[in-house]
Amino acid sequence: MAKRIKVLVAKPGLDGHDRGARVVARALRDAGMEVIYTGIRQTPEQIVATAIQEDVDAVGLSCLSGAHNNLFPKVVALLKEKGAEDILVFGGGIIPDGDIAGLKKAGIKEIFRPGSSTDETIKFLTDHVNQ
Amino acid sequence: MTKIIEGLVKGNVRSLAKAITVVENDRPGKKELLKAVFPQTGNAYLIGITGPPGAGKSTLTDKLITLLRQQGKTVGVIAVDPSSPFSGGAILGDRIRMQQHALDEGVFIRSMATRSHLGGLAKATVDVIHLLDAAGKDVIIVETVGVGQDEVDIVKIAHTTVVVMVPGLGDAIQIAKAGVMEIADIFAVNKADREGADKLVNELRSMLDMATGDWKPDIFQTVAKNDQGIADLLAGIYQHREFVQNAGLDKEKFKSNVQRELCTYLMDGIVELAQACAGYESLVQAIYQKEMTPLEGAEKLFQEMGINNEWLMVGGDNAEKG
Chain V
0 MAKRIKVLVA KPGLDGHDRG ARVVARALRD AGMEVIYTGI RQTPEQIVAT
50 AIQEDVDAVG LSCLSGAHNN LFPKVVALLK EKGAEDILVF GGGIIPDGDI
100 AGLKKAGIKE IFRPGSSTDE TIKFLTDHVN Q
Chain Y
0 MTKIIEGLVK GNVRSLAKAI TVVENDRPGK KELLKAVFPQ TGNAYLIGIT
50 GPPGAGKSTL TDKLITLLRQ QGKTVGVIAV DPSSPFSGGA ILGDRIRMQQ
100 HALDEGVFIR SMATRSHLGG LAKATVDVIH LLDAAGKDVI IVETVGVGQD
150 EVDIVKIAHT TVVVMVPGLG DAIQIAKAGV MEIADIFAVN KADREGADKL
200 VNELRSMLDM ATGDWKPDIF QTVAKNDQGI ADLLAGIYQH REFVQNAGLD
250 KEKFKSNVQR ELCTYLMDGI VELAQACAGY ESLVQAIYQK EMTPLEGAEK
300 LFQEMGINNE WLMVGGDNAE KG
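Residue numbers (numbering that gives the first Met the number 0), protein chains in the order written: chain V, 0 to 130; chain Y, 0 to 321.
Worth flagging that the hints you see were computed from the coordinates, not collected in a lab.
Just to be clear, a hint being listed does not mean it is correct.
Said to hold, decoys possible - Subject to a maximum C-alpha distance of 20 Å in a straight line, what follows is the list of computed SDA-like cross-link-like pairs (lysine to any residue):
1) Lys254/Y - Val270/Y
2) Lys17/Y - Ile39/V
3) Lys2/V - Val8/Y
4) Lys155/Y - Ala210/Y
5) Lys252/Y - Cys262/Y
6) Lys81/V - Ile4/Y
7) Lys224/Y - Ile39/V
8) Lys79/V - Gly6/Y
9) Lys73/V - Ser115/V
10) Lys9/Y - Gly82/V
11) Lys224/Y - Asn24/Y
12) Lys81/V - Cys262/Y
To be verified - Residues from chain V shown here face chain Y by an in silico Cβ test under 7 Å; the list is partial:
13) Asp29
14) Thr49
15) Leu63
Said to hold, decoys possible - Computed footprint of chain V on chain Y; a stretch qualifies when at least three of its residues, placed anywhere within it, have a C-beta under 8 Å from a C-beta of chain V:
16) 92-106
17) 163-172
A virtual CB, placed ideally from N, CA and C, is assigned to each residue, including glycine.
Work the whole structure out from these sequences, hints included.
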């Protein structure tokens, strides 16, 4: 059996729109992954502490408030600070075209925006975690 | 692996988390790891929290953590949620209620999926308890999956088992049924601000009037989300702990726990050994064709493995003879 992929789906920041995060969590579950969901309004510090305690393979960040340019890179930086830079970070939400390059440069491995299918996210995780 | 073990004993969070992954996934190094930590186990107090889905187990656990931390105790939490029987995946959502403790270094929370293990816990739960114990946690809370009537493994492991009930789930006959209702050292009637709470307490009380044994379970009314009744509940847990320790039940439990672990490994090993026997596949085929019964098949495999099979006849002729 291939390794069971463990993912933390987290919502940093102040928006309470978690439908997207829950749809992704459910899709990953149905793809055989173990998904930890921590609810809305999490700080980057909480997310990183949780990712480390749960020893996840990847962290998926969902943000619809526009604060992604601050919050996503902060999660990557904190993971690095704690020696956990091997944990893959990906993101989703309302992210403008112009922000994607910057986020990727900051260490967010992939961004999934409105219109992308959950299959893409599943494939991304399977490809990158099991490599 | 040496690095993980060293870090674990020193209280390094990442090492502890990595160690749990090793035992949970049966990764190489598991044996070495458990051997290294085993001498340091048996010190933590183990509290089990069980009850139906949505009763408030996670919220109660969250509030208990707060109180335990105020008393200066370090806390480990194992929160178990079910795996999908179809995809094998899981959504582990117990932590949502406990995220206020995410940054507290005295609290370590780990979510586990059952991975089809029955009984309300994950298969590796006991190993993870060993690791949290060796990492120096004073109290370990194990929150089971939401249970119905028969998922009672927690009582074998925990020193104190709290069964969380809520009003509105059934009548007095549900309460009189065997299984989960029997394993409580303490009942928490949560959501006690709802209609039917008093009735539930009365029904539980009349059930407990008929209970025999040295410990009579207490009933506490709580409204976990409003912090009501939590201090009393914890005081009740401490009272039970005193009873357990005075009666030496904690040591007895540790002994039966390690014995059960031993038996689990034995069973797994024997099954593997049997499946490696040359005639295994044709034997399964023979049973499928109804040329022999599964019991006879097992007997034959034991003979092939060179194990004296006289004791095997559980429920068979030899058992009858006593």
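Query raised in the report: Quick check: which numbered hints come out false for this structure?
Result: 1, 2, 3, 9, 11, 12, 15, 17
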